[in-house]
Structures are given as structure tokens and as C-alpha cells.
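Chains as they are written, first to last, in my numbering: chain A, 233 to 477; chain B, 233 to 477.
Keep in mind that a hint or two might mislead.
Put simply, identical chains are the same to the list, so a pair is met inside one copy or across any two.
Under the rule of at most 30 Å between Cα atoms (straight-line distance), these lysine-lysine pairs were calculated in the DSSO-like manner [claimed, not checked]:
{"hint": "1", "residue 1": "Lys453", "residue 2": "Lys385"}
{"hint": "2", "residue 1": "Lys446", "residue 2": "Lys358"}
{"hint": "3", "residue 1": "Lys469", "residue 2": "Lys239"}
{"hint": "4", "residue 1": "Lys365", "residue 2": "Lys305"}
{"hint": "5", "residue 1": "Lys415", "residue 2": "Lys305"}
{"hint": "6", "residue 1": "Lys360", "residue 2": "Lys467"}
{"hint": "7", "residue 1": "Lys305", "residue 2": "Lys427"}
{"hint": "8", "residue 1": "Lys453", "residue 2": "Lys467"}
{"hint": "9", "residue 1": "Lys360", "residue 2": "Lys432"}
No wet-lab data here; the hints were simulated from the structure.
Protein chains: 2
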Amino acid sequence: METNLLKNISVDCVIFGFDMESLNVLLVERTMNASQSNDTLFSDLTLTGHHIYENEDLDGAAKRIVNDLTGLKNLVLEQFYSFGELDRLQHPNDQLWIDQFEGALDKRVVSIGYYSLLPSLNVNIKQKGRVVKWYPVNEISELAYDHTFILEKAISHLRYKLRYEPIGFEMLPPKFTLSQMQKLYEAVLGVELDKRNFRKKVSQMTYVVPLNEKQKGVSHKPAQLFMFSRDVYEKTKTERYDFFV
Amino acid sequence: METNLLKNISVDCVIFGFDMESLNVLLVERTMNASQSNDTLFSDLTLTGHHIYENEDLDGAAKRIVNDLTGLKNLVLEQFYSFGELDRLQHPNDQLWIDQFEGALDKRVVSIGYYSLLPSLNVNIKQKGRVVKWYPVNEISELAYDHTFILEKAISHLRYKLRYEPIGFEMLPPKFTLSQMQKLYEAVLGVELDKRNFRKKVSQMTYVVPLNEKQKGVSHKPAQLFMFSRDVYEKTKTERYDFFV
DNA sequence: ACAAAAGTGTTCGATATACACCCATGA
DNA sequence: TCATGGGTGTATATCGAACACTTTTGT
Numbered sequence: 233m234e235t236n237l238l239k240n241i242s243v244d245c246v247i248f249g250f251d252m253e254s255l256n257v258l259l260v261e262r263t264m265n266a267s268q269s270n271d272t273l274f275s276d277l278t279l280t281g282h283h284i285y286e287n288e289d290l291d292g293a294a295k296r297i298v299n300d301l302t303g304l305k306n307l308v309l310e311q312f313y314s315f316g317e318l319d320r321l322q323h324p325n326d327q328l329w330i331d332q333f334e335g336a337l338d339k340r341v342v343s344i345g346y347y348s349l350l351p352s353l354n355v356n357i358k359q360k361g362r363v364v365k366w367y368p369v370n371e372i373s374e375l376a377y378d379h380t381f382i383l384e385k386a387i388s389h390l391r392y393k394l395r396y397e398p399i400g401f402e403m404l405p406p407k408f409t410l411s412q413m414q415k416l417y418e419a420v421l422g423v424e425l426d427k428r429n430f431r432k433k434v435s436q437m438t439y440v441v442p443l444n445e446k447q448k449g450v451s452h453k454p455a456q457l458f459m460f461s462r463d464v465y466e467k468t469k470t471e472r473y474d475f476f477v
Numbered sequence: 233m234e235t236n237l238l239k240n241i242s243v244d245c246v247i248f249g250f251d252m253e254s255l256n257v258l259l260v261e262r263t264m265n266a267s268q269s270n271d272t273l274f275s276d277l278t279l280t281g282h283h284i285y286e287n288e289d290l291d292g293a294a295k296r297i298v299n300d301l302t303g304l305k306n307l308v309l310e311q312f313y314s315f316g317e318l319d320r321l322q323h324p325n326d327q328l329w330i331d332q333f334e335g336a337l338d339k340r341v342v343s344i345g346y347y348s349l350l351p352s353l354n355v356n357i358k359q360k361g362r363v364v365k366w367y368p369v370n371e372i373s374e375l376a377y378d379h380t381f382i383l384e385k386a387i388s389h390l391r392y393k394l395r396y397e398p399i400g401f402e403m404l405p406p407k408f409t410l411s412q413m414q415k416l417y418e419a420v421l422g423v424e425l426d427k428r429n430f431r432k433k434v435s436q437m438t439y440v441v442p443l444n445e446k447q448k449g450v451s452h453k454p455a456q457l458f459m460f461s462r463d464v465y466e467k468t469k470t471e472r473y474d475f476f477v
């Protein structure tokens with residue numbers, strides 16, 4: 233069914249997850265050994281991406297890439313920016329890697345950036361011989377290729393969007409407490425929020441609906457559980473037309 | 233200096249302008265005549281775009297495309313979204329056009345969308361045998377290719393951004409009145425604003441600075457002139473970390 | 001009984017909204 | 001002197017920020 237890969241176009245996916253502590257990203261280890269001695273030449277981390285097929289659209293490619301890694305379907309995927317700098321794959325390490333493993337592909341590649349929000353950290357990552365792990369976004373240093381830049385763009389896009397729209401619930405369990413939701417907002421926005429003021433705001437979000445159910449098995453007062461209703465959100469949202477200073 | 237065109241990648245530019253009345257877009261007529269009879273087979277409108285060169289980055293390609301059409305350099309250019317639907321160039325008219333004028337290019341093209349804001353409508357458009365005109369965004373019906381979709385994305389991106397950041401001054405003359413600025417905001421946001429409340433907000437924008445100069449030659453009370461200082465803006469802006477319901 | 005997180009209200013200042021009249025100029 | 005758009009202030013309602021104690025559960 234799938235045909236040729238387009239050698240100049242790829243999709244890179246920034247896969248975000250939340251573990252009730254910090255905002256995390258899935259990264260793949262890229263380790264290159266010398267062909268004879270087997271010494272490690274370099275070892276670094278990349279986002280997950282792939283070239284697109286000729287008969288596949290961009291959203292489809294993003295879906296395929298995340299699905300190949302996590303086995304998940306129907307997840308939130310959003311395109312946020314495209315990257316086409318001339319030198320984006322020109323680091324010597326990148327060149328070595330590309331020559332060895334992707335020799336047929338072109339050195340000039342424009343990559344379309346997508347991000348995905350995962351339901352939780354309990355997903356089973358399909359490792360396929362590569363080491364894939366979650367890393368807290370605050371503890372990531374330099375990535376391979378231009379992936380540090382791509383990640384930064386993704387984070388600021390996510391942050392920007394969360395400020396005005398209810399995204400992010402996909403990183404919480406289907407039933408969540410308000411404290412969990414608050415921690416998510418704090419992790420994404422990188423700021424501490426006041427509990428009472430937070431709850432006052434949330435109580436105006438008609439699409440965050442209380443369930444007839446409480447937390448169980450916690451050694452403190454069990455919290456009320458809530459769910460996010462995209463349905464209610466879509467039906468009640470109104471366009472904002474004013475502007476802010 | 234420039235080398236090969238990448239056959240699978242193009243950049244499309246949405247060029248916005250403002251004439252103190254409405255928000256406008258530059259569109260190019262695409263008219264196809266039958267080879268013998270010279271009857272018009274179809275005639276419609278497109279945005280302006282072009283494939284990118286192998287040794288040119290995305291921003292550079294966008295700059296080149298707008299410069300070719302307007303002769304302007306150093307204008308605001310911002311990437312907003314990329315378009316890669318399989319059927320985006322599959323309308324029979326598009327196929328006819330591509331076969332005739334761009335035969336060497338591939339039928340599978342991913343296009344990176346940029347928008348540009350022009351200083352005014354007084355720019356000299358380089359016509360190059362094509363008919364290029366400004367059209368009020370509210371009066372545009374169907375465009376060629378997937379350009380209606382691209383335009384819609386561009387408008388909503390512009391609108392979204394104007395609500396939170398001072399962009400759009402590039403569509404005003406360097407010295408402008410508050411009424412002109414208000415009309416711009418109304419045209420972009422698609423809403424009427426209260427004059428006194430608008431001015432109250434603007435007076436908090438330290439980067440909109442009054443000049444020692446007034447309008448001349450108008451048959452009513454001459455208005456105070458203002459300028460936009462990006463410098464002041466960059467120095468005084470603070471990150472917002474809170475969120476809205 | 002203790003530890004741990006849940007849950008709750010008020011005050012104060014800032015900001016948004018609604019609204020109407022006089023002013024300076026050119027024709 | 002008239003037509004045209006420029007320029008201004010106040011009252012009211014709403015929203016954001018700061019802040020501390022009681023409740024419920026498991027151990």
C-alpha cells in the first residue's frame with residue numbers, strides 16, 4: 233500500500249507526557265559505534281521522526297510515526313511548525329549517522345513538526361532495538377540534529393495554546409482530580425498557581441465535569457474526580473474578538 | 233547561485249495589506265485558454281507561491297517570493313502552517329495548469345505557508361504579465377488549489393496573534409492616528425470596538441508612542457500622530473504565565 | 001492521634017464595559 | 001456656519017490576587 237519515501241520531506245514528532253510531577257518528552261538514543269573497534273563514537277538523543285511516503289498526508293505520517301513507537305491510535309496530534317534550515321542535519325555526527333543508516337535519503341530535508349499528548353506514562357513503548365525513554369523537559373540538554381530547537385518550539389507552542397484553550401487533558405487519566413489538573417498546568421506553564429484561585433477558574437469551565445466518584449485508597453481525604461468533555465467544550469466555546477494589551 | 237528546485241516542496245505566501253477600510257490580500261489571476269480556439273477554459277485566483285531551491289531555506293524562499301512580486305525587502309514574514317493533503321492540487325483545473333506551466337514539477341507537493349504584512353497599499357506590484365490585485369478578505373470566494381484553506385488558516389493565525397501581541401503595525405503607515413489603528417484592529421478581528429475603551433488600552437501600550445506631530449490637510453480636527461516602537465516593545469514585554477478560562 | 005492532601009470565602013485592587021458631549025479644522 | 005472626525009471621564013460590574021483553616025481518610 234505504501235509507496236516511495238519522499239527524500240526531502242520528513243515529519244518529526246514531539247511526544248509529551250505527564251507523570252503528575254513534570255512534563256516529559258519521549259526521546260530515542262542514537263549511539264554510533266566504530267565499525268571495527270566497536271568503540272562508541274558518539275551517543276546522543278533524538279526526537280522521533282521519519283520521512284513521509286508519497287501517498288501519505290502529513291497528519292497521516294505523524295500518526296504512523298507515533299503509532300509505530302507507542303502502538304497508540306487516535307491520539308492528539310497537532311502540527312506546530314516546519315523546519316528547513318540548510319544546516320539542520322549538517323553536524324558531523326548527523327552526517328555520519330545519515331550516511332550509515334539512511335544513505336539513500338537526501339541531505340536537504342524539510343521537516344514538519346508535530347506534537348502529541350499521551351494519556352499517561354503507562355504506554356508500552358515499542359523499543360525495536362533502540363533505547364527509548366521519557367525525559368523531563370527541564371532536564372534535557374542538547375539533542376541531535378536541530379531537535380533542541382524543534383523541542384523548544386513545541387514547548388512554547390504547547391504553553392501558548394494551553395493558556396487559551398483546554399488542551400492537555402489528554403495527558404491526564406480519563407478521571408482526574410483538580411490537584412492533578414493543577415499540577416499539569418503548573419508543569420506546562422512553568423509557574424506555581426494558587427489552589428483556591430485555580431479552582432475558582434476551573435469551576436467556570438463547564439467542560440470540566442464532576443463525576444459521582446471519589447479517589448480510593450489514598451491515605452488522606454479522597455478527592456472528587458472529574459472528566460473533560462470535549463463535547464461540552466465545542467458546544468459552549470465562543471469566539472473571543474477583543475484583544476489584550 | 234541558486235541551484236535546483238525541490239520538486240516536492242513549495243512556499244505559499246499570504247500577503248496582507250490594509251487600506252484604512254478593510255483587510256486585503258494580494259491575489260494573482262490564473263487564466264487558462266484553450267490552445268487553438270483561445271477560449272477561456274477557466275479563470276480563477278491564487279495566492280503567490282513557488283517551489284524552493286535546494287540551497288535556500290524556508291524563510292529565504294518566502295522572502296524571495298514576496299520580493300519578486302513587490303520589490304520589498306525586510307518585511308514581516310511569518311510561517312504559520314504547512315499543507316500536505318494528497319488532493320491539494322488534484323482539481324482538474326490545477327492538473328491542466330500544472331501540466332502546461334510546471335510540467336517538470338511533481339504532483340505531490342507539500343507547501344509551507346507564510347504570511348506577510350505590507351506597509352500600505354501603495355506598493356508597486358510587479359505584474360510580470362499576470363494580473364495581480366488586492367481583494368478584501370471578506371469578499372473572497374473560492375480560490376484555486378487549496379488556497380482557500382490556506383488563506384483561512386492565515387487569517388485565523390493573524391487574528392489569534394493580534395489578540396495577544398502587537399503585530400499589524402506593519403500594515404499602517406509609519407506615522408498613524410489612533411483611529412487608523414482602531415480601524416485596523418476592527419478589520420482584522422472582525423468586530424467593532426469602543427473608541428474610548430480602545431484608547432484607554434492603547435495608552436497602556438508604552439510601545440505606541442505619540443509624536444510631536446499632527447495630521448495635516450484634513451477638514452476636521454487634526455489627529456495626533458503615533459509610531460510603533462518595536463524596541464520599546466521588546467524591552468518591556470513580560471512573559472504571561474497565567475491562563476484564561 | 002497523626003500525617004497528608006482536599007476543600008472552601010473574603011477582601012481589595014485592577015480592569016472591562018457602557019455611554020455623550022465639546023473641539024479644531026477646511027470648505 | 002457647517003460637516004467631519006478627534007478627543008475626553010465616570011460609574012458599575014467583573015475579575016484577578018492574596019491569603020489560612022477545617023475536613024476526611026489511612027496508618
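For each hint, the structure was consulted:
no.: 1; hint: Lys453 to Lys385; result: neither (40 Å within a copy, 47 Å between copies)
no.: 2; hint: Lys446 to Lys358; result: neither (34 Å within a copy, 67 Å between copies)
no.: 3; hint: Lys469 to Lys239; result: neither (41 Å within a copy, 41 Å between copies)
no.: 4; hint: Lys365 to Lys305; result: within (20 Å within a copy, 45 Å between copies)
no.: 5; hint: Lys415 to Lys305; result: within (26 Å within a copy, 46 Å between copies)
no.: 6; hint: Lys360 to Lys467; result: neither (42 Å within a copy, 48 Å between copies)
no.: 7; hint: Lys305 to Lys427; result: neither (34 Å within a copy, 50 Å between copies)
no.: 8; hint: Lys453 to Lys467; result: neither (34 Å within a copy, 47 Å between copies)
no.: 9; hint: Lys360 to Lys432; result: neither (46 Å within a copy, 60 Å between copies)
Comparing the model with each earlier hint shows violations of hints 1, 2, 3, 6, 7, 8 and 9; every other hint is respected.
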